[in-house]
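**Student:** Now that you have both chains on their own, put them together as the hints suggest.
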Amino acid sequence: MRSIDIHAHIAPLAASHLPEGQTWHGFTRQEMNGRQFLVQGDKRQWLHPAYSLNADERIAYMDSVDVDVQVLTTWVGMYNYDLPGDVGAGIARECNDYVAELTRSHPERFSGMATLPMQDVNAAVAELERAVNELGLKGAQIADHVNNKTLDHEDFLPFWSAAEELGALIFFHQEGDDTIVKPRDTKGWAIDNSIGNLSDRVVTFATLVFGGVLDRFPDLKVCLAHGGGFTCFGAGRLDRGWQVRSEARELGANIPSTYLDKVYYDCLTHSEPVLRYMIDTAGIDRIFLGSDYPYDMGIDEPTAWVNSLESLTQDEKDAILWKNLERVLGV
Amino acid sequence: MRSIDMHAHISPEGYIRAVEAGEEWYGISGMSHEFHLAVPRTMWTPEQRLTDMDSLGVDVHVLSTNAVFYCYDRDANTVAAMDRECNDYVSQLTRDHPDRFAGLAALPMQDVAASATELERAMTQLGLKGAMIDDSVNGKTYDDPEFFPVWEVAEQTGAVVLIHQGMQTVVGERSTRYHLPNTIGNLVERAITYASFVFGGVMDKYPDLRICLSHGGGYTCFGAGRMDRGWQVRSEARVNLNKPPSTYLNQFWYDCLTHSEPALRMLIDSVGIDKVVFGTDWPFDMQIDWPVSWVLGLESLTQDEKEAILYKNLENLLGI
Chain A
1 MRSIDIHAHI APLAASHLPE GQTWHGFTRQ EMNGRQFLVQ GDKRQWLHPA YSLNADERIA
61 YMDSVDVDVQ VLTTWVGMYN YDLPGDVGAG IARECNDYVA ELTRSHPERF SGMATLPMQD
121 VNAAVAELER AVNELGLKGA QIADHVNNKT LDHEDFLPFW SAAEELGALI FFHQEGDDTI
181 VKPRDTKGWA IDNSIGNLSD RVVTFATLVF GGVLDRFPDL KVCLAHGGGF TCFGAGRLDR
241 GWQVRSEARE LGANIPSTYL DKVYYDCLTH SEPVLRYMID TAGIDRIFLG SDYPYDMGID
301 EPTAWVNSLE SLTQDEKDAI LWKNLERVLG V
Chain B
1 MRSIDMHAHI SPEGYIRAVE AGEEWYGISG MSHEFHLAVP RTMWTPEQRL TDMDSLGVDV
61 HVLSTNAVFY CYDRDANTVA AMDRECNDYV SQLTRDHPDR FAGLAALPMQ DVAASATELE
121 RAMTQLGLKG AMIDDSVNGK TYDDPEFFPV WEVAEQTGAV VLIHQGMQTV VGERSTRYHL
181 PNTIGNLVER AITYASFVFG GVMDKYPDLR ICLSHGGGYT CFGAGRMDRG WQVRSEARVN
241 LNKPPSTYLN QFWYDCLTHS EPALRMLIDS VGIDKVVFGT DWPFDMQIDW PVSWVLGLES
301 LTQDEKEAIL YKNLENLLGI
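First to last, the protein sequences are chains A and B. Following my numbering from start to finish, the first sequence increments by one per residue and tops out at 331. Following my numbering from start to finish, the second sequence increments by one per residue and tops out at 320.
Certain hints may be false.
Stated by the list, open to error - Derived DSS-like pairs (lysine-lysine); straight-line CA-CA distance at most 27 Å:
#1 B/K312 / A/K262
#2 A/K221 / A/K262
#3 A/K323 / A/K221
#4 A/K182 / A/K149
#5 A/K317 / A/K221
#6 B/K140 / B/K243
#7 A/K43 / A/K182
#8 B/K312 / A/K182
#9 B/K205 / A/K182
Source of the hints: derived by calculation from the structure; they are not laboratory data.
In isolation and in its complexed conformation, chain B is listed as follows (with noise of 0.2 Å):
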């Protein structure tokens, strides 16, 4: 049996060679040092990488680059360079190990044109499967018409559009203690980010569209019903969206990093088997730690729904 892994973390080789040589790398080593020395497997090659997946058991990681290289508050030309050499470096080991590696882009999105020929790029140049974004881009969510020109890019290309949060949620406004900005605040953020989409009529205008919403998608199946609700008794709520939000849940991808059985129980049961794919954060402390033994041992999944989770429903969503 296969296992491919959707939500696997790279940084690129330049950045850990720039860092190590203590040399400055798009202006951003900075910033990202102390994230990368706080985490050293962000910085293993592609051998120690590889010698790790084969310890966990996992076949294939869908390599996205690190959230900390979105910096979509930086200069976008120095960033879309940037993001194209994350990009080459990815399909490079897609290249290098296509047993191994799949790749998804890192895309510029404050110049959204320039987004929308970088991905283009990606997937008609580079052999990636698709790119992985932030919930937000300097405050605008994805039904801002801005966004467009991406999701349609997105569309014809078969792109799939992973949705991974950047360095800040929603939550520190509020606590910014005991790491409930992540173990909170991502989940909050996939919530929000699934409205954009539905609310925002996005869905509507781009029926193809292939979004997966990492974390499990968050809250967003657990609270499909006060979304829906809401949409029943508001009219602000029913501007782009003529259906109820829940009737979308599975037009979407969720992976099943949840952290708890009965949350993936019911997120197969909310979403259907099909849109539930294996997503393990490596190689984040906030990872599953032994991802595929964690799949197969849970007593409330049948055989055939582990295997779509680990792997079948990634062969058909990628092609590979």
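Same shape as in the complex, but just chain A (with noise of 0.2 Å):
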């Protein structure tokens, strides 16, 4: 049995090792409260600690959690969507080597998606035909949303185009605690990320949809983080919303719910009724083992929780920990 966690993030070390003083793409190192940061502007990026793991150390921790394999994305801290395209294009091609060079060095450890610059869609599409043709990366890690657009927005047409085309798999994860539930204060008690992660991932499902990117290509391959979000359990007030109101179906989206199996989703749901939830309703062969290394929200062991599931039969348990991904990334 093998084990492949589409959810797991990284960034280059050259990011989390830049040495004091020195700046990467317009980025400066700064400790903060015995935390790093890279530092541009009025952003502010955290640097977790466990990007300063070199690869071995890295396959160290996997091996101590029984992960085989690690489809890295790159921390959602190099979306960088409001700086100027040539920036954020630069900050993706430098990711994206260094994670084709992490699967080239442990192919058997390490498979890799791509970040891109979506503030400029032709670069985007540019570095993802690159990262795909070139680098034999799977696909790329995007945000629920680019400035405020979704992915719906008939800019990103040529990107979806593109994803199809490639037979790229495209990751939805919001850009830290970026999501629509706003803490009121510094006590919001993680609602923003418990909560929001996951509202906005229904809305990413939803514009998809109800925006007719599923219908006009019918063969792209879509992930969910965070298990799909409120997707699966919200479906039914979608169907009604499709039901009696015109402006869902203004662009010839059918029912919604019939959508649910045609879209993947990671397992990261910390409920196993919520897991079999999704099982039931999307499909055992739509949902992929993702763990959120090395986030404190993550899963802490996640092959394990997996196996110890009772309401999962031990085919459940190949398809989610290893079967789905293998067939669908081929690795």
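**Tutor:** Laid out in structure tokens, this is it:
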């Protein structure tokens, strides 16, 4: 049995080890309250300590939690969709080269996804083509919105067209705690993350469905992080909205719940009944292992967790742990 | 078998008459007229409503004044006066038709003291069963100690507080298309409200508070696992809370308005069958069309569960 983790983040060592006083794509490294940040203007991106690990140290961690393969995604702090497109493109190229190098040096332990300068759709398409065709990456991770545009916006049609043609898997993941759920103050109980991530993901599902993206690009491979958020549970009300409101049907979408088995999800639910519900509504072939390494909101021991679930058959566990990703990504 | 609908809205007769006469009513007619014209049943008479209830097989509406009348951003004294008229009207209907109507109060939540006073009046003088309020009040959620006097009165009088969004939800800032501010937004708001009461320590401070989360509590029961993880690993989530948030799921009530049998089944399995009540969202398009038939037709529920939802739980909760 293998285990392949679709939801595992990384940052280039050039960023995490950036010497004091030097700049990297306009960022400097600063320490605040014992944490390392990349800083540029008003932006402050927290560098998780795990991003200082080299490949061997990361693999030692993976061994300790029985994860055979991480599908590496550059950490969302490198989205930087608000920066000029050429700056974003430069960051993306360096991050993607770094991930690609790890997949080449450790092909049995790492696969990889690209990060893209989505603020410049042409540049994003060019980098996705390079990442898949030249670097051997499997797709890309993008945010639920690009400067507040959801991904059904017509600007992104060339991106979806390219992703479909390349067979690239597009993995949706919010940037940090930038979600529609805003804490009123610093004691926001982490619901900007715990409720917000899940809310953003269902908005993404809904905009891809109602916006006609999944109809227009039927071979598109989309994976929604955090178990797709509230998507599976909320499909009934989306269906009702589709039934009674013409604005939900204006772009020709079919009944929303019929798209649940057209996208993929990771298993990061922190709840066995929720994962069971996803399997029963979306289908067992749509769900991947995803841990959110190295963050505190991840699954501590993802392989052991899946194997411990009493409401799943062994076949279902195998599908989640490795078979689905083997099939979809060819890893 | 009875059926008691916790989620059924009404507009005050005084407002309808004013609109028909082309007159202002507490300064809100222009704003809300479009809302009413879009849904003609909002302007129906009580007799028309009763006929419709008969056709649906619904015995009792627990009437709540439409959310368009919240008006928390308007002058507090004006809204307090408007709410008194709304509540008097609902109360009159419950006296005229005690077998068919029970009622909830509208409250001017921008003025907490006035809201506490009006809730007390509604419970002790008008015979209402509680109140319906928005998920937030001018950007403030219900963990804010400012609102504690309302919970105090609610707890003392046994009022049921039905939570129901107003005209906007947090989804609007991301997308206003495809009806998403409603179809996703209502459900996000309800999870935020659950979190506000629980993480904010309100449920510990007022353990007998009876909160009913409409729209099946939104995404609450499905999202409880991740809220628990947040509580486990983030110190800011534990400021007011010393046990996991999911342990409070069975301290709230939820209506059955999920538009999904598996979602309702999961709700029952997460919160307990005694906490799920019948709620239809009459008279709006996002309602359950044939609600009694819908519940009775659900194959994954036992007959006892169907009866608990259709009337027994609300008989117990509201004493009707």
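**Student:** All the hints need checking, so say for each whether the structure fits it.
**Tutor:** Now for the hints, and whether the structure bears them out:
{"no.": "1", "hint": "B/K312 / A/K262", "verdict": "violated, 41 Å"}
{"no.": "2", "hint": "A/K221 / A/K262", "verdict": "holds, 8 Å"}
{"no.": "3", "hint": "A/K323 / A/K221", "verdict": "holds, 16 Å"}
{"no.": "4", "hint": "A/K182 / A/K149", "verdict": "holds, 18 Å"}
{"no.": "5", "hint": "A/K317 / A/K221", "verdict": "holds, 22 Å"}
{"no.": "6", "hint": "B/K140 / B/K243", "verdict": "holds, 24 Å"}
{"no.": "7", "hint": "A/K43 / A/K182", "verdict": "holds, 18 Å"}
{"no.": "8", "hint": "B/K312 / A/K182", "verdict": "violated, 38 Å"}
{"no.": "9", "hint": "B/K205 / A/K182", "verdict": "holds, 24 Å"}
In the structure shown, a violation is registered for the earlier hints numbered 1, 8, in ascending order.
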